[in-house]
Each structure stands twice: as C-alpha cells, then as structure tokens.
Amino acid sequence: MITGLFHLVWKVIWNTVVILVFAGLVFVGYKANQPMMVIGVPEGMTYVEFIRDRLDAAKTVKPSRCGWGMIFSLATLGPIYSIVYTSVAIHPDGKLAKVTASDPDIPKGVAGAKLYEVPGIWWGVVERLSWTMLGKQIQFGCQFRPVGLTDSANPHQ
0 MITGLFHLVW KVIWNTVVIL VFAGLVFVGY KANQPMMVIG VPEGMTYVEF
50 IRDRLDAAKT VKPSRCGWGM IFSLATLGPI YSIVYTSVAI HPDGKLAKVT
100 ASDPDIPKGV AGAKLYEVPG IWWGVVERLS WTMLGKQIQF GCQFRPVGLT
150 DSANPHQ
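In numbering that gives the first Met the number 0, the protein residues as written are 0 to 156.
Think of the hints as simulated: they come from the structure by calculation, not from any bench.
For every residue, glycine included, the Cβ atom is placed at its ideal position computed from N, Cα and C.
Warning: the hint list may mix true and false statements.
[To be verified] No more than 25 Å apart at the CA atoms, straight line, and that leaves these computed lysine to aspartate or glutamate pairs for DMTMM-like:
1. Lys97 - Glu116
2. Lys94 - Glu116
3. Lys30 - Glu42
4. Lys135 - Asp102
5. Lys113 - Asp102
6. Lys30 - Asp92
7. Lys135 - Asp92
8. Lys58 - Glu42
9. Lys107 - Glu42
10. Lys30 - Asp55
11. Lys94 - Asp104
[To be verified] Using C-beta positions, here's what the derived DEER-type ranges look like:
12. Ile82 - Arg144: 26 to 32 Å
13. Lys113 - Phe71: 33 to 39 Å
14. Lys58 - Val25: 29 to 35 Å
With the hints as extra help, turn the sequences into a complete structure.
Here it is in structure tokens:
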C-alpha cells in the first residue's frame, strides 16, 4: 500500500517534469522563430536567423578563437544571466537585485509580474543578452561583421 503511494507520487512528479520540459521546448521553439524585439536587429530577423548569422560571422573573425569564444560564452553564461536578470527585474527589491550590478539588459517596469508573464520576460532577456554579446558593434574585443540577413542565415531568400 505505502509502496503504491510512493510510486504514484513519483509518477506524478516525473510526468509533471516531462510536461514542463516539453512545454518549455515548444515555447523556445516558437519564440526563436518569431521576429526579435531588440533595437538594432534587422527588421523581421528571427532568433534562429540571428544565431545562424553569428555562427557564420564567427568563422571570419581573426583570431578564430575570439569568435568561437564569444559563442561559447553565450552558450554557457547566457542561461545563468538570463535567469538572474529576469529574477532581478521581477523582484527589484530582493536580495539578488542588491548584489547584481546594473545592466541595460535587465528589463525595466516588470516588477511583480504575474507567473504567466515570466516566460515572455525571460525570452526578452535572452534576446537582449544574445544581441549584446554577439550582435552589438563595439570598438574592442571580437570584431564580428555587422548582423545582416545573408543567404546562409536566411534560407528563404
């Protein structure tokens, strides 16, 4: 009897995790194929096209480890920063906000957001962080070529 109860609880937890992971993947897949909402991104460019363009641009950066290093940095640090920045934006008076440096990629005006608004806020942070790290033209560091819809980045042309 008690074993059956533990089994039921485990199944409910496991199925909930599977559903949440699947829903998260569907959400990311959907948003990644919508036009980015970041200032400076070419109009109509999706996140998938942006990443394809930046991967193509990383091949031309000298030294090549610089371009690939930036891609690797985004892949490793991006998920951490996106969660921290989203939390700081939603709870600006929290402990995490007090120890986090100010950054223009932290959204403003979303304090106390409802739970159903959080994924959209998080995705906006992901787009802004990606743009800041790989798309924004800067005078120091890796000199990626400007973002543009090239034939390799946009298979629909």
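How the hints compare with the structure:
no., hint, verdict
1, Lys97 - Glu116, "23 Å, holds"
2, Lys94 - Glu116, "21 Å, holds"
3, Lys30 - Glu42, "15 Å, holds"
4, Lys135 - Asp102, "15 Å, holds"
5, Lys113 - Asp102, "23 Å, holds"
6, Lys30 - Asp92, "29 Å, violated"
7, Lys135 - Asp92, "30 Å, violated"
8, Lys58 - Glu42, "24 Å, holds"
9, Lys107 - Glu42, "23 Å, holds"
10, Lys30 - Asp55, "21 Å, holds"
11, Lys94 - Asp104, "19 Å, holds"
12, Ile82 - Arg144: 26 to 32 Å, "30 Å, holds"
13, Lys113 - Phe71: 33 to 39 Å, "35 Å, holds"
14, Lys58 - Val25: 29 to 35 Å, "31 Å, holds"
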